[in-house]
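Trainee: Sequence:
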Amino acid sequence: TLIIGGLGVTAYGELFNNFLNKYSRKGKISRLSSTSTLKGLVIAAISIILAAGILDLAFLDGKALTITIIGTTLTQKVYGYLLTFEITAFAFILSSYLFAKVKIPQEYVLRAIDYKAYYKILINKSKTFLNNKYLLVLTASMLFISVFQSLMNAYTGIYVYTHLKNAWLGGFMNVAVMYAVALLVAILGPLITSRINKTVGVIPMFVFGTLLMVLLPLSIVFNPFFYP
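Residue numbering for the sequence shown is 1 to 228, as defined by the numbering used here.
By construction, these hints were calculated from the structure, which means they are not laboratory data.
Quick reminder that beta carbons are idealized off the backbone N, C-alpha and C, glycines included.
Take the hints with a grain of salt, since some may be wrong.
[Stated by the list, open to error] Label-pair distances were calculated between CB atoms; the ranges are:
#1 A167 <-> K77: 26 to 32 angstroms
#2 L15 <-> F92: 20 to 26 angstroms
#3 T139 <-> L215: 19 to 25 angstroms
#4 K165 <-> L135: 41 to 47 angstroms
#5 F129 <-> M205: 15 to 21 angstroms
#6 V200 <-> V221: 27 to 33 angstroms
#7 F225 <-> T10: 36 to 42 angstroms
#8 L50 <-> K165: 14 to 20 angstroms
#9 T193 <-> K165: 30 to 36 angstroms
#10 F129 <-> G209: 16 to 22 angstroms
#11 S146 <-> A44: 19 to 25 angstroms
Taking the hints into account, I'd like the entire structure generated from these sequences.
Mentor: What follows is the structure, given as structure tokens:
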């Protein structure tokens, strides 16, 4: 599923970038898209903080709300995680509606994206991963690291919540701040990696990036405090 998902996201991203490069001559999409990405990351960080606030206010076992209407008392348990899921679902519906309102001339889309030609090239060049030993090693190691990082991110949040819920901001807010800071710092990622890639190449950058990723579990194991 990780490989299939990665292929799908990569193909979609490349097709979309090709479309932007060709369509930006008719407008200024490329400049606006980078600004939108920046705004999107900031909004995502704020959303994480707000979600943590909701989760901390309405505990995992629920918080009872009592409403009296015309002499009738109604009591309903409200769960923080359920509220956040409902808000997320509403946000997806709203974003789909907004995307549906974006008008792009159809002829530009048809000229910019040739799906059949793209997938033909993708299938032909996929053999390179089996023939090139460096790409094969990088692919296998990246697959392992992606699985490891997904598990690590999930259990890191649980660990921080469990062991540091009485420290600093407490509860889910500690987890939210940790991931929000990481998200905002990620804005600098493409700028830094593009320059390093030109200087040292892909493999040293991959190794160095892996070492940086390992710093988080090491700091949690040897110095289990919120600030590290």
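Trainee: Going back to the hint list, which numbers does this structure go against?
Mentor: none
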